[in-house]
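Which chain is which? The protein sequence lines are A, B, C and D, in order.
The letter at position 211 of the first sequence is residue 211 when you use the working numbering, and the numbering goes up by one with no holes.
The letter at position 105 of the second sequence is residue 379 when you use the working numbering, and the numbering goes up by one with no holes.
The letter at position 3 of the third sequence is residue 551 when you use the working numbering, and the numbering goes up by one with no holes.
The letter at position 343 of the fourth sequence is residue 1280 when you use the working numbering, and the numbering goes up by one with no holes.
Hint data in this document are derived by calculation from the structure and do not stem from the laboratory.
Just to be clear, a hint being listed does not mean it is correct.
[As the list claims (entries may be wrong)] Derived contacts from chain D toward chain B, CB cut-off under 8 Å, selection only:
hint, residue
1, GLY947
2, ARG948
3, SER1205
4, VAL1211
5, GLY1225
6, ILE1227
[Unchecked claim] Some residues of chain D that are not near chain C, with every Cβ distance over 10 Å (derived):
hint, residue
7, LYS944
8, GLU963
9, PRO970
10, ASP972
11, GLY987
12, CYS1015
13, GLY1035
14, SER1077
15, LEU1085
16, THR1090
17, ARG1155
18, ARG1181
19, GLY1253
20, ASN1293
21, ASP1313
22, GLY1325
Note that the structure is predicted; figures quoted are calculated from it, not measured.
In this text, a Cβ means the ideal position worked out from N, Cα and C, and glycines have one as well.
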Amino acid sequence: MEIEEKFRQLKSRGEGAYMPHVYYGDPNEEFSIELIKTLVENGADMLEFGVPFSDPIADGPTFIAACERALRGGMTPTRCIEGVRKLRKAGVDVPIILTTYYNIPYVMGLEKFTKTVKEAGVQGLIIPDLPIEESDELLRFAEKSNIRVIFQVAPTTSDERLEKIVSAASGFLYVVNVEGVTGARESLLESTVNLLKKVRARTDVPLMAGFGISKGEHAAAMVSNGADGVITGSAVAKIYSKNLKSPEKTLQEIAKFAAEMKQACKERNKSSTS
Amino acid sequence: MEIEEKFRQLKSRGEGAYMPHVYYGDPNEEFSIELIKTLVENGADMLEFGVPFSDPIADGPTFIAACERALRGGMTPTRCIEGVRKLRKAGVDVPIILTTYYNIPYVMGLEKFTKTVKEAGVQGLIIPDLPIEESDELLRFAEKSNIRVIFQVAPTTSDERLEKIVSAASGFLYVVNVEGVTGARESLLESTVNLLKKVRARTDVPLMAGFGISKGEHAAAMVSNGADGVITGSAVAKIYSKNLKSPEKTLQEIAKFAAEMKQACKERNKSSTS
Amino acid sequence: MKGRFGKFGGRYVSEVLMHALIELEEAFEKFYPTDDFRQELDGLFRDYGGRPTPLYRAKKISELVGCKVYLKREDLLCGGSHKLNNSLGQALLAKRMGKTRLITETAAGQHGISAAMAANVVGLDVEVFMGVKDIERQASNVKRIKLLGAKVTPVETGMGVLKDAVSDTLREWATCTRDTHYLMGSTVGPHPFPEIVATFQSVIGKELKAQIMEMEGRLPDAVVACGSGGSNAVGAFRPFVSERDVRLYFVEGGGERLDADNSAAAFSLGKPGVLHGAAMQIMQDEHGQIKPSKTRAAGLNYPGRGPEISHLCDSGRVKPCHAFDKDVFEAVRVMSEKEGLIPALETAHAIAYVLNNGKEFERDEVVVINYSGRGDKDLETIVRYFYGD
Amino acid sequence: MKGRFGKFGGRYVSEVLMHALIELEEAFEKFYPTDDFRQELDGLFRDYGGRPTPLYRAKKISELVGCKVYLKREDLLCGGSHKLNNSLGQALLAKRMGKTRLITETAAGQHGISAAMAANVVGLDVEVFMGVKDIERQASNVKRIKLLGAKVTPVETGMGVLKDAVSDTLREWATCTRDTHYLMGSTVGPHPFPEIVATFQSVIGKELKAQIMEMEGRLPDAVVACGSGGSNAVGAFRPFVSERDVRLYFVEGGGERLDADNSAAAFSLGKPGVLHGAAMQIMQDEHGQIKPSKTRAAGLNYPGRGPEISHLCDSGRVKPCHAFDKDVFEAVRVMSEKEGLIPALETAHAIAYVLNNGKEFERDEVVVINYSGRGDKDLETIVRYFYGD
Ligand SMILES: Cc1ncc(COP(=O)(O)O)c(C=O)c1O
Ligand SMILES: Cc1ncc(COP(=O)(O)O)c(C=O)c1O
């Protein structure tokens, strides 16, 4: 399913979108597949599929550790792309947004990368270390492969740059709501709401709020204040990291978490700015 | 007995003078007294009586250790002077040449020092760190107290300086026969003979050869080549240093050594330059 | 294009850092050209840092190599290496920008020291991120940094080495750009860092050029510098890049031997990639995962080569080369015994290259080694190498 | 009289050394005034040593003290202290005299290092005598000296400290004056050493005078230097002795407290005497036995004060003062955190005196501290003091 279709669907149901972020292969591939299935079955509308990188400079401690474990376990970008194929075969049909750092596509070659991931079943790309200024080439090849490049906007993004980002945006925009890196926070910033309003005034592209969302109430606050959905980052990894020997034992808790997040995304009208 | 008289006596007997050097109070005062008696009884014609100093820069390892032991045992310049008195009382009647570094008389005051040591029974002074250039004041007070100041001459002493030294010399001249510090050496330098000849040509003051003399044959070679006698430095201390717990046990060996040295000084005509 | 050196450079950072980089770029363009800034910086360079550093004709080394060897004496700069040039410049800039705090990362500790010094002189707080492994290896420099009042934050992510410390400092910066300046320690990172660092370091090359003209009446035939990020090399090379007759040599850490697990020779073993915000020459596996580098010289232990030196080597203007650990230690010995100077292990790479490649330099050629730092920080390592424990 | 400073100085050595001292005196008088010698020395000072060293206006320290404080940055001299001025000068002189070998003694190790450096530069062998206790306390400098190719000879006589090393070096010299020069490390010893060392060190004061005239347009109100033998102090003071309005302060090691077994404050606790060839102010007992001095700063741990500084203090021209160990460490901390400079423990004595005696200096007075050396050599001691083991 393409991203746009997913948002049309959700819109028609009056729901916000929920997208969890996982690093594929942490702590092993089998678990990742089970994890993703669980997330999708329990409410994930889309999947942020992380390709582990050795130096994830935009990630916090939980995801740094996740990348390290996955790489130690032998995960590679090629095996990740293979993993997307497996997921599709296994019936996972939500849009998959592949996330990785720019060096991975850079080394594979942008053309080959975009083509290969598209063929495997990927709908969009998030490259956290690729700002709009550096993305011409990727945009060109992504367009060729009919794949979306998801950009971020932040409270610190200037109007001038916001203009540029908005005009290149497709799929959705990733609204970074804290001046920080991924990591579960206990409260949200006032500024996020202002940011959502500011971006909304300039584009109809869906807005997904991310960074630091780890509770239903965070999600509800976001969707109630103009977000088209939320992304949870390390929250899920935090749950299974508590039991890395038998992570499958945490799937039930993760299912509950996903369901709660999705539920919150549906409640946009019941909640208000927190 | 004055130094001059001693040399006259020896000359009339055709003998060279033997003067051993000891640091008083090493390892204790009682032993020093016994040691000195033994030396005198076995042939020492004069005594170089060392007042221990904390930083004996013209001495070698044996005498450095001797000074340290004596100082650790509580020896002081005042007690040394007292020691000279004791020796005189005990019947030691050879000329006593008191040796110490310049800081000792400097701190006591030159006038007081020369007077006190003379009264105690000292005939001469050796201050190894006092060259002719710095000795005007000491010479003045020494003359007042009728005490000799013994100067050194070395192979490196220039003709000009030799002239000065010779004209200030009294008692005897201390001929340093190696370019070095006190310490037993196995052989003598050709240059010593030349030095003895050179000095002899300029003065009638007796010449005592010192530094590195530890065997009868050294002494014999010296007296056979123009020296009026020899000084043994650390050789004696080396003997008793072997048994510091009961140094008195070495007195016999020391007696033998002194006798051998004295004997060698008598044999000036039997030996030749070695 | 601004911030680009051929195909290298750029600004590959997450959105949350972009404004800080733009702010920094603007501030640099605004303040650096002013007389006021230059005068204050020149004053600090001279009175605090000890600039100009001398150019010393190393007679004994010259004899050994068989040409005229000069040493540009950055070891005499306050703190013991070229690092202070950059730290003073950036600290001053941060102060002008109204920042109250510096963060930075360090491997050998040299940059951490210079950052702490500069922060104190200018009046800023400072926090230094340092890999746990480097903290262990560079114990005495850690003490120095702490004594200078800086906070030292251990970095446990990754391998606990420089590249991880850079990552963590970037992460930290993303949370505090408003009041904090990231004092990048070498000509690496996203634009404008490589340009800023190179600008402040190029005082080396400017002095060197004037000095050699005075002493030899002509340009040198070769300039040799060690490096990883490339700041001392680029600083020394810049004024000579357009002088085509001056050969430029960049000596990286060969490590034990030329294979990716035992070396830091990114020009021999790496390929272009993107790391820490810039496209550059990097040691990495076939998938693009960054490889840890390995060399006994902590300051060369970085898998990337800054954009400018990457381009200079890629374009053929600079000859990339390397020296192996054992030759490096030998160079330390020779320099110590012949010229009375104990070089930093990093610096000794440049020396080793010249000592071992005398054939490249003809009898009356003039060769300048950028003597980037002194070996005090490496003393334990050096002594253990020669005398055992 | 030549070699006399008031009642101090002279040449109290055994006959076997006299010719060497006379030869040295003649050589110094012959070579030093020549253009050839001066040019070579000035060249080494500049290109090898890094002279002129800066005069740095320490703003934060100035605020703390309440006057304008400048630092004469001898820490930036190659080797990390003022010692190289003298070593280069004497090594060059020894070379001109045809000597092939230098011997010297060292306590903190700073002079040993500078001697080894100078020997290598000039091309002489070098042997350094060092008390066994100092070898233990200054382990890292011992390693530096060895790395520089010098032979380090442990001195076990006496207390195994500096005064014993001086004695042993004098003993050694007596056996080898023909081919060996004794590179005396401070303004002590028999004439002509105090004069030679002061002459070579007075480059400090000459530069300082010109620099302060340029920066302040007038002479300083005070010059403050630490010392034991007095070489850095005399070097800094000489050009100001005749300027009666310039106050001169000499800060010696107060140690733990002012009693002879816990201090190195020879001006407070000593009296005139004769040691190591000269009459000078010395810590000694009532009989004239030399007392070992005690201070945490190895370089101040000598019981004597050189003839010239003895006379300058005795005559009232220089004010002798001292700083206690705990204030010295505090001064290290303040200088590190405020100005980013870690001073040598010796140097920190001068800093401590100024910090603790702000009342002596009025608001617009200009005070110059001779910043004699950097603290790298003392890092272990300093860190242990502040942070424990
Ligand atoms: C003495 C010295 N030289 C060279 C370097 C390498 O840095 P760069 O490549 O930035 O010159 C370092 C880094 O710590 C260093 O300390
Ligand atoms: C840094 C420093 N300052 C001062 C001194 C004291 O020496 P002087 O009294 O000769 O200046 C030393 C001696 O080692 C030293 O290393």
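Hints, one by one, checked against the model:
With a least beta-carbon distance of about 5 Å to chain B, the hint placing GLY947(D) at the interface is held under the 8 Å criterion. The closest approach between the C-beta of ARG948(D) and any C-beta of chain B is roughly 6 Å, which is under the 8 Å cut-off, so the hint is satisfied. Checking SER1205(D) against chain B by beta carbon gives a least distance of about 18 Å; that is not within 8 Å, so the hint is violated. The interface hint given for VAL1211(D) holds, since its Cβ lies 4 Å from the closest Cβ of chain B, which is under the 8 Å cut-off.
Hint status for GLY1225(D): holds, given a least beta-carbon distance of 3 Å to chain B, under 8 Å. Interface hint at ILE1227(D): satisfied, since its Cβ lies 4 Å from the closest Cβ of chain B, which is below the 8 Å cut-off. The beta carbon of LYS944(D) is kept farther than 10 Å from every beta carbon of chain C, the shortest such distance being approximately 39 Å. The claim that GLU963(D) lies off the interface holds: its Cβ sits roughly 28 Å from the closest Cβ of chain C, which is beyond the 10 Å cut-off.
At roughly 25 Å, the least C-beta separation between PRO970(D) and chain C is larger than 10 Å, which holds for a residue marked as non-interface. Every CB of chain C lies more than 10 Å from the CB of ASP972(D), the least distance being 19 Å, so the non-interface label holds. At the 10 Å boundary, the C-beta of GLY987(D) falls inside the reach of chain C, the nearest C-beta of that chain being 4 Å off. Here CYS1015(D) does not stay apart from chain C, with its beta-carbon only about 6 Å from theirs, under the 10 Å limit.
For GLY1035(D), the non-interface assignment is confirmed: its Cβ lies about 19 Å from the closest Cβ of chain C, beyond the 10 Å cut-off. Its closest Cβ contact with chain C, about 6 Å, brings SER1077(D) to no more than 10 Å, contrary to its assignment away from the interface. With 10 Å as the threshold on Cβ separation, the claim that LEU1085(D) sits away from chain C is violated: the shortest Cβ distance comes to roughly 5 Å. For THR1090(D), the condition that its CB be more than 10 Å from all CB atoms of chain C holds, with the nearest at approximately 17 Å.
Annotated as non-interface, ARG1155(D) keeps its C-beta farther than 10 Å from every C-beta of chain C; the closest such distance is 18 Å. In this structure ARG1181(D) is separated from chain C by more than 10 Å, as the shortest Cβ-Cβ distance comes to about 28 Å. Residue-level check passed: GLY1253(D) sits 33 Å from the nearest beta carbon of chain C, beyond 10 Å. In this structure ASN1293(D) is separated from chain C by more than 10 Å, as the shortest Cβ-Cβ distance comes to about 20 Å.
Residue placement check: ASP1313(D) does not keep its beta carbon more than 10 Å from all beta carbons of chain C (closest about 5 Å). Against chain C, the non-interface label of GLY1325(D) holds: every CB pair exceeds 10 Å, the least being about 12 Å.
Against the hints set out earlier in the document, violations occur for numbers 3, 11, 12, 14, 15 and 21.
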